[in-house]
Structures are given as C-alpha cells and as structure tokens.
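Going down the list, the protein sequences come from chains A and B.
With the numbering used here applied, the first sequence closes on residue 353, and no number is skipped along the way.
With the numbering used here applied, the second sequence closes on residue 706, and no number is skipped along the way.
Derived by calculation from the structure, the hints in this document are not laboratory data.
Among these hints, one or two may not hold up.
Said to hold, decoys possible - In silico lysine-lysine, DSSO-like type, Cα no more than 27 Å apart, as pairs:
(1) K162(A) with K609(B)
(2) K329(A) with K316(A)
(3) K647(B) with K609(B)
(4) K515(B) with K164(A)
(5) K647(B) with K164(A)
(6) K162(A) with K294(A)
To be verified - Every beta carbon over 12 Å from chain A, so not counted as near; a handful from chain B, in silico:
(7) L430
(8) S481
(9) Q614
(10) A623
Just so you know, these numbers come straight off a predicted model, no measurement behind them.
All C-beta atoms in this analysis are idealised placements derived from N, C-alpha and C, irrespective of residue type, glycine included.
Protein chains: 2
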Amino acid sequence: MSNQANAIIPAMRLSELGEFGLINLIRTASARYENPERTPWREMLLGIGDDAAAWQSGNRIQLATTDTLVQSVHFDLSAITWEELGWKALAVNLSDIAAMGGIPKYALLSLALPTQVKVKDISELINSFMHMATEFGVAIVGGNVATAPNIVITVTIIGCSKGKTMLERSTASPGEQIAVTGYVGLSAAGLEMLKGKTISDPKARNILRQAHFRPMPRVKEGQILIQQGVRTAIDISDGLVADLDHICESSKVNAKINIEQVPVHPVVTAHFSNSQELALSGGEDYELLFTADKATVARAKQALSCPVTVIGDITKEKLPTRVLVVDNKGAIIPYKKGGWDHFKDAVSHVEFT
Amino acid sequence: MSNQANAIIPAMRLSELGEFGLINLIRTASARYENPERTPWREMLLGIGDDAAAWQSGNRIQLATTDTLVQSVHFDLSAITWEELGWKALAVNLSDIAAMGGIPKYALLSLALPTQVKVKDISELINSFMHMATEFGVAIVGGNVATAPNIVITVTIIGCSKGKTMLERSTASPGEQIAVTGYVGLSAAGLEMLKGKTISDPKARNILRQAHFRPMPRVKEGQILIQQGVRTAIDISDGLVADLDHICESSKVNAKINIEQVPVHPVVTAHFSNSQELALSGGEDYELLFTADKATVARAKQALSCPVTVIGDITKEKLPTRVLVVDNKGAIIPYKKGGWDHFKDAVSHVEFT
Chain A
1 MSNQANAIIP AMRLSELGEF GLINLIRTAS ARYENPERTP WREMLLGIGD DAAAWQSGNR
61 IQLATTDTLV QSVHFDLSAI TWEELGWKAL AVNLSDIAAM GGIPKYALLS LALPTQVKVK
121 DISELINSFM HMATEFGVAI VGGNVATAPN IVITVTIIGC SKGKTMLERS TASPGEQIAV
181 TGYVGLSAAG LEMLKGKTIS DPKARNILRQ AHFRPMPRVK EGQILIQQGV RTAIDISDGL
241 VADLDHICES SKVNAKINIE QVPVHPVVTA HFSNSQELAL SGGEDYELLF TADKATVARA
301 KQALSCPVTV IGDITKEKLP TRVLVVDNKG AIIPYKKGGW DHFKDAVSHV EFT
Chain B
354 MSNQANAIIP AMRLSELGEF GLINLIRTAS ARYENPERTP WREMLLGIGD DAAAWQSGNR
414 IQLATTDTLV QSVHFDLSAI TWEELGWKAL AVNLSDIAAM GGIPKYALLS LALPTQVKVK
474 DISELINSFM HMATEFGVAI VGGNVATAPN IVITVTIIGC SKGKTMLERS TASPGEQIAV
534 TGYVGLSAAG LEMLKGKTIS DPKARNILRQ AHFRPMPRVK EGQILIQQGV RTAIDISDGL
594 VADLDHICES SKVNAKINIE QVPVHPVVTA HFSNSQELAL SGGEDYELLF TADKATVARA
654 KQALSCPVTV IGDITKEKLP TRVLVVDNKG AIIPYKKGGW DHFKDAVSHV EFT
C-alpha cells in the first residue's frame, strides 16, 4: 500500500487509490519539499503519520491535530442530535491529543453549512461544543463559517506536551505488553443498534448510544500514561486491530493478542452475536491502546482510575500477519482489519496528524 | 447586527441570521464559557474577531488561522485548475497571517473529496500546495482526508509573531492615515471575466486570472509593516470598504476615503465600466489595508517594494456611515459594502480568526 502514490495512472480515481494511498501521496509530496535546515522543518518532531503533529517551540512541545465530520458520511442527522454532533466533533479531536499524552489548549471550529439549517439547531451544536471544550480546559480561538450543500465540520486543536515527552506510534519494542483502556467494540455495537438492530433494554440502549455519539476522550489518562513512563500509544479510532497495526507498522514490530483477554463490554457480549468482530474491527471507541514493559503497564494500571487490560505482547516472533489474534489454545482467529477494507469504495475518514 | 444572536426564533434559518450573525452566536457562546483564570484564556491575546487568533506561549506570540473553500460556493471546477485551487487554498490562509504581520510556520490540510476525483488532479493540487508552502517557509505537518459529496478544503496555519507585537484590527486611532498595498478590485474584475465578460487582450486576461486564482499573500510586507511601527492592519478579503469597516468597528472609529485616491489597476480601469464599484466592494484582493500616523506610513512606504497608496484618514468627525467615501470635491459616493449584503441568502464565507 505504501508505494501506490508513486504509480499515478492518468485516469485513476481516489476510489482506486484508497485513502491511505492519498495520505501517502500527501506525505511523499511533503517529503519532497522538506528542508531540514529551514526553521519549521528543523523544529518539527512529528509530521504526517501520528495522531497529532508535534514541534519544538522554545522549551515546549507544541501539538496540533485536525479532524473532519461530513454529513451522510460520518453522521446521519436522522440519528444524531445536534448536541451530540457538537460533542463528537470535539471529542474525536481531543482523543488525538490524548493519544499523544498532551494537553489540549486551543480549538478552531470550521462550519460549512447549508443555509436552511435552523439557528436553534446550530446553537445546540455550538453550546455543546463550548461546554465540552470548557470541561477539557480548551478555549475556542477562531474558525470559519461557510455555506455548503452538505454539513462539513472541521475542528483543529492546538496543544502542548505535559512534560518533555509525548506518546508516539513508532516506539513500541519487542517484549512489551499491549494494553487498552476501557472497552472496545461498544461504539460499533451502538452503530449497529442505530442502524436498526433491536435492543429492548433501555439501559443497554443508552450505554450503546452514548458510546457511539458521546465518546469520552482519554485526555487525563494519556497524561497519566506519560507520567508513568509509557512511550507508545494510539487512540482507537479505526478499530483495535487496525490501530494496533498502525503502531506495528510505525514501530516495525509484530503483535500477538489473545481474543479472550480483549475487554468486551457486557452489554455487547449480551446483545451481539458478533461481539468478537465488533471488538476487533469496530472503530471509534476512542480508548487508548498502549505498549510498555510489564512493570510500567502495572504502574499505569494502578495510576489510572479506568479499567486497563493487558491483551497481548509486542513480539520478536515472525508472525503470518503483522497483528496476530489467537485464542487461549493458541488457535489463530481470523479478523477483518476494520477501517481499511471499505475505504476504497465507500465511506471513511482518516486523520493523518 | 451584533445582537441578533440573542434573539433566536425556533424556526429561524441561517439564511435569515446571516453569517456575521452566526459568528456572533459562536462568539457569544464562547464568551459565556470563558474563564480568564484558567490557562488557555489567561494566555489568549486575540480570540474570535481578528484575522488570526493569538496567544502567548513562553516568550512568543503564537498565531493560528483557518479558512475553508467549498466547491460550487467558493470555486467552480470548470473555471479553476487543480493547481490554482491548491495555491488559493493556501494563499487565503497565508494572507491572514500576513494581516497579523506574522511568520507562517505549520499547515494542516483537510481534504473532503468525492471518490470519483482523479488522482492526477488531486496530485496537482497537493503539489501546488506544497510548492507554495515551501516558498513561504511553511511545513505541512498533518491534516485529514475524508470522502464527501462535494469538495471542501480546509487549511489551518499556525505561526508566530515576528517580534513582540502584531498587527490588529482594533488599534486604529483618529488622525491616522489609511493606506493600502498594491491594487484593489483586480480579483473581482477577474471573477467577472471568468463569469463571461469578454476581455480580448491576452495580457489583460492573464493579469485578471492570476489576480483571482493566484493571489500573492503579503507575508513579507506584513512583517515589514510591523518593523516600521504600524500597529493596525487587515487583509482585503471581503472588499476594501467592508474590511475598512471591520477595522472601524473593532477600533470604534470612523473612516473617510477618497475614491480618486483608491489604487485601481489600469487593466480594470481600461476594461470595466464599473471599476469604481469593483475597487470598493470587490473582495479577495488579499492586499493589506493599514492605518498609522503620517510619518509611519511614509516610512512603511519607503521600506516596502510594492505600491503603497494613502486613500484617506481615520477621523474624529461624526460621519453618516462608519466608512464614508467621497470624491475630490467632497461629494459622497454611494457604495455597496461588498461581502455583507449577499451573505444572508447566497454564497459566502467569513473567517472569524
């Protein structure tokens, strides 16, 4: 996949290149113009390819990330409320800062909106956005408004590192444990319910809806991971296996996880026969997936107030796939990577900061 | 206009509120959550309402701005090339940093694109974007790609101030001269040509097209203005009168300009009978409009290599409108503000950083 950008056929469409191909194209073009002797490149610590960009500014590390939600692609107004949309637009960005162990500080909000949108609705979105921003100590410093045939919400967050380090994707080492905060698969299960799967228990319905529309970014947790000495993390936006694969690709390592240790929420286990698939391949959980040596993981687990589960190891073994999923008996569990497969012909978004 | 946000009628649409009403709504909501004792608010120097946001970070002033181009709203693919689109998407953002007298450093590029877009086309956009970024010393550190029914390009630029000060909108004082770099109305004239007005001279055609599709942001010029002691500036995106009005509103002053001193490009004078209107109300020139005392303007004029024209004064006089346009004999010239009037029911975009 990583060399597709070099082979541009005149009539080729984005649907054939795929979105990771497009990111690679941007990355390749960017690299061609890089000049490590000039200021911004000299100060840059992380460019395209992590959860957020990072650069040195005086004695601080600055972070920046951006993410877009497109109507009918990422959300459906017949399902999500405006209040939830405002929350989610900010949450997915905060999660990228969380994945760096950083402190979010400033947000820019860009709204492309049809003129027939009701003022009452957009007010709900804005208030919910502001409310959440304030809870996370983020100030809205600007943005852009434009008319458009379709709603497109782009949020940019600028922050800084807590200390002199940050969490990265490329620092995983063989021998480390792989751990995850909270539960995985809950958001994808929520989406299945919203798409029509009947769940009669109102409590379960509420948990599923919240997971999908009001994810809680692990900002504090990311900072605690840094303090406890963790160096490697990603937030789960594409899916557990897909995001673990991002770490493995960046770190040039392999990973083996045990399906029976993956933390699936009881609501998912109880109501979804495909709970395993949802946990492995369902995205948008916005939990933190991290790797560290055993002692560090144990320390992190103690310091965090949310559940932390060890699900496998970064390994020196040669594996048939970069990420291998096995059961307690060592039998290989097949999986869909999640995120990736359907990018080329349908709905998707991929952030490359 | 500034109190519209307080009167939300349930069925009211954005088309009735208008885009400045929407910005005001965001600004009001943001102010409600402000907490000057908490970090990001304490460090903030300029929030919503200038060309870029600004905050103190250690001993530096950081700047951030974002701007969006929407297909069929801000551009028409049957007129603009992909290469020009890449240029313009970056240029309009660089211009906001120029209006602060700042140094642009990092860019985030968010592309929402239909899957049928050709890879060849998007490559041209990306290469042109990267090429221009490098010319201006800007590194692309990340962004986002997503599928969408309609092309939406959002660019965020993060930069810093050159010294300890920046150009603002709110610092104009009575007695100061009003000056402008380059020519005004050229971009709007270019748009008229692109919409069908016949211009047979190929040289003129080229100048007009370039002005509209390849504006040259005045980044160096903004920095020179700062060095020469100028404190107040804006870039001309909405139109000369509309942007001068932004300065007047922010600075709580009035302005009087002489139509006969407004620098209209000879190509516009030669080919457009409405050249005066284009100069006053046509937007997207991306020139810098600034105010300063006479001696400072004279110094700035000498230091800049582009044309600089004094067009009027910030005045203590009570005027019938915040911006008054007169001719050499003192007769009042009526004008459309530009930008504003058609925001409420049609095409527009307004950046609020």
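Tested hints:
no., hint, verdict
1, K162(A) with K609(B), "violated, 50 Å"
2, K329(A) with K316(A), "holds, 20 Å"
3, K647(B) with K609(B), "holds, 15 Å"
4, K515(B) with K164(A), "holds, 25 Å"
5, K647(B) with K164(A), "violated, 48 Å"
6, K162(A) with K294(A), "holds, 23 Å"
7, L430, "holds, 14 Å"
8, S481, "violated, 10 Å"
9, Q614, "holds, 32 Å"
10, A623, "holds, 33 Å"
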